[in-house]
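If you read the sequences in order, they're chains A and B. Read left to right, the first sequence gives residues 1 to 386 (this note's numbering). Read left to right, the second sequence gives residues 387 to 699 (this note's numbering).
Some hints here could point you the wrong way.
Claimed, not checked - Simulated crosslink set (SDA-like; lysine to any residue; CA at most 25 Å straight-line):
(1) A/K328 - B/S631
(2) A/K96 - B/R546
(3) A/K217 - B/L597
(4) A/K208 - A/K96
(5) A/K217 - B/Q473
(6) A/K96 - A/Q123
(7) A/K217 - B/S631
What the hints assert, rightly or not - What follows is a list of derived Cβ distance ranges for each label pair:
(8) A/R349 - B/H653: 28 to 34 Å
(9) A/R70 - B/A668: 48 to 54 Å
(10) B/A668 - A/A110: 55 to 61 Å
(11) B/H642 - A/A345: 49 to 55 Å
(12) A/R175 - B/R671: 17 to 23 Å
(13) B/R598 - A/R349: 51 to 57 Å
(14) A/E83 - B/R553: 54 to 60 Å
(15) B/R671 - A/L71: 50 to 56 Å
(16) A/V306 - B/G445: 18 to 24 Å
(17) A/E75 - B/S441: 51 to 57 Å
As the list claims (entries may be wrong) - Some chain A residues near chain B, calculated using beta-carbon distances under 8 Å:
(18) S2
(19) P4
(20) R175
(21) M277
(22) D323
(23) K328
(24) R344
(25) V347
Derived by calculation from the structure, the hints in this document are not laboratory data. Beta carbons: idealized from backbone N, C-alpha and C, even for Gly.
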Amino acid sequence: MSPPSSVAELLVGKSICVCAGAGGVGKTTVAAAIAAGMAARGKRVAVVTIDPARRLATSLGIPELGNEARLVEPERLEAAGLEANGELWAMMLDPKRTFDELVERRAPDAATRDAVLSNRIYQELSNAVAGSQEYMAMEKLYELHEEGGYDLLVLDTPPSRNALDFLDAPERLARFIDSRSLQFFLAPGRRGLRILGRGTGVLFGVLKRVTGIDLLKDLSDFFQSFGDMAEGFTERASKVNGLLTSRAATFLLVTSPQSESMEEAEFFRSRLLDDGMPFGGAVVNRVHDLGLAPSANDGDGEARDVAGEHAELERELAGLLGDPLAAKVFRNFEDYRALARHDRASVERLRDRLGRGESLILVPYLDEDVHDLGGLAAVGEHLFPA
Amino acid sequence: MADVLDKRLLFVTGKGGVGKSTVASALGLVAARRGKRVIVCELAQQERVSRVFRSEGVGFEETELAPNLAGISIDPQRAMEEYLRTQVGNRALFRLLFENRIFQYFAAAAPGARELVSIGKVWELAQLERPWTKKSSRYDLVLVDAPATGHGLGILRVPRTMRDIARVGPIRRQADRIDTFIRDARQTGIVTVALPEEMPVTETIEFRSRLRDEMKMEVDAFVINGLYPERFKGDEERALARAESEAAASDGSLAHPAMRAALAEHHRARTQRSQVRRLRKAVDRAVTLPFLFEPELGLAEIERLSHELERRL
């Protein structure tokens, strides 16, 4: 059985679709186009984006950060040639607010809540450093899933240098929260010294020299006020993890045909499988494709007379266009065929690496840049081929 | 822009996929040809720059890539080790701290810590007397292939943030020194890279205003990468369009797809130029680099681009 060639098939029975990939491959566009395509198929879909380009955000009707999903008006969709059989909701995630809300819900009392929210370490932690965006993206996903109300949630992951960052970042944040045991050093003289023994005082001295006493005190305050909630966070994180490893979820890798992002695809897949998360397939975006049959396009066809073919094309073009223009058109075509050959080979390599059983969906390099609903419709035609 | 290479530290920034590593490598070659001793720092640990010059990565070692041009891939863990060693002084104490499991957890995960030591290492390389390694500088120019960011200022803002967190004490002092250095226009410069497309151009314009507002810094040079050639003139386009619409897509003939490809490229080239104009209108001056019809860029292509850059600087 050949693997699904449409995102619609890939998402049968799924209620969560996470789009991951390195920066610059068109992740946000693909996530939004998937959501729009599924909405056209009658689903109630929400797309959660992290950092969309302004024009796309405007086009979706989410001009600013906000933790509320907004309905993309059916008229907008229809004007762009997208069917509105279902509903498309869009949200631009505010990681900081998500974190604050989480603290508000988790805090045992108002004093703890205020202590955490006003702590400067917490403020930086929640402000988009060191994995909090990724963590909060997953948190939001979980929250929306628990609330119900959508047939499908599509998550666009935060910009990062590679797709794996997305998987590692929450772990890093969890570890930091978990290193609360450090508070024993930070506030020696209490439980700490008794638990950790004689070396602790020395260690504390060294730490003080490196960070300064005030920073240590802030850290200590942070861990102390956060301490009681830490367990709740750990518990929550394991629930989120449970959701992402469940049958309801699937991960799609978005990649470009360039070798470095292709190389990553294989790592990404094995890493997902190691973590028990379902790999749904890869979307290769911006593939140079002249829409030609492979034999005319791949250039390494066995017994083909390449030189003869060139001469014929040149002759034909000259007849149609006259000499100087024909030569330019020919040259342009040659340049594009070189790129198309490369991309084709690159896609084949990826197919080999992932295995023939995995879905690989190609989106060609389109004539127009994609930055609005019309562009999403154009991308959607390739994600959801008829 | 000519004197942008006279800075001691130069950040090459931009969104993922716009060709930052390519531009950083090309700039490195230009400066090296001018007789400067250059090091290119990669922060994303993907070694895209060093792999242009050699088959293996260079890791956290200052390694010669070409005459006058060195490279290093900044490993936050190693940078942190280097920094802490100088802070603690005493070897035994350093080991006590660094080998403590809880401390390692903490240091690896503490918000901003990895980023601060990474940019700290870059700063260290640019100092005349290098404080972490006790060397004197071998470099006239430190080029940074900055990690891809979203719409924010990314790593440039880290020292500011950390100095605000730490308020007083050694981390505050260190963060302060780095922040002062990178915001000193005589020492540090910023080069942005964008593709001639709507979204990257918008982001570049936004980056510039955020850099002004939040850091009081200016972009020293704007580079637009991957500009298609203008192969066809207006009357040629009309002739092409006519011939394309008349010629049926006949079996086996490549003439029709060839003309279609020509029209598509003409359309893209024109859209790209309107984006170049848009950026130039916003920022006055932007240097363009041609799109190279090579599937992957190797040393020969980077050399070519470095000459293009040099001509346009």
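A/K96 paired with A/Q123 [C-alpha distance capped at 25 Å]: Distance of about 8 Å is within 25 Å: holds.
Residue hint A/R175, partner chain B, criterion CB-CB below 8 Å: holds (4 Å)
Agreement of A/K217 and B/S631 with the hint, judged by alpha carbon distance not exceeding 25 Å: violated (75 Å)
Whether the CB-CB distance between B/R598 and A/R349 falls inside 51 to 57 Å: violated (44 Å)
Interface hint compliance - A/S2 to chain B, C-beta minimum distance less than 8 Å: Violated - the Cβ of A/S2 stays beyond 8 Å from chain B, reaching only about 27 Å at its closest.
Pairwise beta carbon distance, A/R70 to B/A668, judged against the given window 48 to 54 Å: violated (30 Å)
Range agreement (Cβ of B/H653 with Cβ of A/R349, hint 28 to 34 Å): holds (30 Å)
Distance restraint evaluation - A/V306, B/G445, Cβ atoms, bounds 18 to 24 Å: Roughly 43 Å apart at Cβ, these two residues miss the hinted range, so it is violated.
Evaluation of the interface hint that places A/P4 against chain B, nearest CB under 8 Å: violated (27 Å)
C-beta pair A/R175, B/R671: status relative to the range 17 to 23 Å that was hinted: violated (46 Å)
Distance restraint hint 55 to 61 Å, applied to the beta-carbon atoms of B/A668 and A/A110: violated (47 Å)
Range agreement (Cβ of B/R553 with Cβ of A/E83, hint 54 to 60 Å): holds (56 Å)
The structure does not agree with the numbered hints 3, 4, 7, 9, 10, 11, 12, 13, 15, 16, 18, 19, 21, 22, 24 and 25 stated previously, though it agrees with the rest.
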